[in-house]
Amino acid sequence: METIAVYWEPVIRTYGFHVQQGLRMVQDRSAINELPRRTDALQMMSGSVSAFRLVWAQMDSAGDIVFSLLYDPVHCTNEVLHREKFQDQRGGFAAQPEVSVDLVYFQGPHFGDRYGIMDFTFNALSGYEAPLLAVVCSVASVYLVVPANQGLKIRDMLAGAFEVPTTVRDQNRGAGAASGMHCHE
Amino acid sequence: MTPRKNGQFDRPVGGKGTGRRQGSGPVGGYPPAKAIVSGIKVSPPLLALRLRADRVTTPGPVALLCRILRDAKVNIAYLTSSVQKNEWHSLCCMEWAQRDTVAAVLNQNKILENIVIFQGPVVLLTLYPHGFSLKMLNLALKALIDNGIRLHGLASSISALTFVIDQDCLSELGRILSAPFDLPGHALPFQSDIHIPA
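So the protein lines, in turn, are chains A and B. Counting from 1, position 164 in the first sequence corresponds to residue 164 in my numbering; the numbering is continuous, with no gaps. Offset between the second sequence (1-based) and my numbering: plus 1000.
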């Protein structure tokens, strides 16, 4: 007889929360067959820079694919990932204006194999008034894209609901509200 | 590639770090460089749910979907959800074996039953590490799309790139991915009856 184990805990443990602030989000919509050409343009524009911090894409209701990419402007030179250049060279890349965003992400034990993680996450943010811009769950990581300057607030809300390792919390106590490109709790 | 005694394979000339442009064709008689993939994973068959919510600027319907799936003890294997032009578009994948359970609970919900589309079976093709490289993303996209693989979505995570593709293309994946990528020599075949060509 086969036994199926289901793992559940009332307060979900994590390995801590990460925040990357001041990222830029590029979004583009194209026919699926056009997508490689668009990402090819991105690659040419970014040169040797390892540009993205998060990418995702999904079909929309018209059968086109909506491609989204977060990049860190700190790593960009004058020739990297400028919307105006894309528009000039590719005729309409970045169909939506680029926006500044923060990225909050976290992992936890067996996150890829357990139910209820995202529901717990949404519950933790139920009092959050500013809109989420995107949610990405892939492999065993959860990513939340939020408007600029909202990342630390979101992280604190999540850290108050999930369980954060004591060592991580102690290391960051007193520095939790510090600004910076990359914060961890 | 040349098999070694330990079952590994020598890397092709001009691999990662040689500075040669990917896909530039043979140079000096050598084969074109390939990008190196250290690991590949293909998931079991999954049910894909596409959700579109019009004129909504919050992830309310997605949160509702997650609540219903939690109540049904259904794990979300993959989720992307984002707003564009006041529409929330989501792609959510879970075990194919749970499709009847999922259909039953969603059909009982007045909000979701009209905005969720069932698709599949699909699989998650995961390549790692991506190294935050647009080159690797671009190579994979070209290989999949140019070979007619139906792509439902993609997402990165800390070190991996995951592509949501139709399950019925599994037998072609070894051949397709071995063109742009130097696949790990110790990789098991995707299916027992296909092999990664040397």
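Note that these hints are calculated values from the structure, not bench results. Be aware that one or more of the hints could be misleading.
As the list claims (entries may be wrong) - Per label pair, the in silico range of CB-to-CB distance:
(1) A:ASP113 <-> B:PRO1121: 15 to 21 Å
(2) A:ARG37 <-> B:ASN1109: 25 to 31 Å
(3) A:VAL99 <-> B:ARG1067: 24 to 30 Å
(4) B:SER1159 <-> A:SER126: 38 to 44 Å
(5) A:GLU34 <-> B:GLU1087: 31 to 37 Å
(6) A:PRO109 <-> B:LYS1041: 24 to 30 Å
(7) A:ALA148 <-> B:ALA1104: 15 to 21 Å
(8) A:VAL74 <-> B:LYS1110: 44 to 50 Å
(9) A:ASN33 <-> B:SER1171: 29 to 35 Å
Nothing here was measured: the structure is a model prediction, and the numbers come from that model. Using N, Cα and C, we set each Cβ at its ideal position, and we do this for glycine too.
Hints, verified against the model:
{"no.": "1", "hint": "A:ASP113 <-> B:PRO1121: 15 to 21 Å", "result": "holds (19 Å)"}
{"no.": "2", "hint": "A:ARG37 <-> B:ASN1109: 25 to 31 Å", "result": "violated (40 Å)"}
{"no.": "3", "hint": "A:VAL99 <-> B:ARG1067: 24 to 30 Å", "result": "holds (28 Å)"}
{"no.": "4", "hint": "B:SER1159 <-> A:SER126: 38 to 44 Å", "result": "violated (31 Å)"}
{"no.": "5", "hint": "A:GLU34 <-> B:GLU1087: 31 to 37 Å", "result": "violated (20 Å)"}
{"no.": "6", "hint": "A:PRO109 <-> B:LYS1041: 24 to 30 Å", "result": "violated (19 Å)"}
{"no.": "7", "hint": "A:ALA148 <-> B:ALA1104: 15 to 21 Å", "result": "violated (42 Å)"}
{"no.": "8", "hint": "A:VAL74 <-> B:LYS1110: 44 to 50 Å", "result": "holds (47 Å)"}
{"no.": "9", "hint": "A:ASN33 <-> B:SER1171: 29 to 35 Å", "result": "violated (22 Å)"}
The structure is inconsistent with the numbered hints 2, 4, 5, 6, 7, 9, although it conforms to all the rest.
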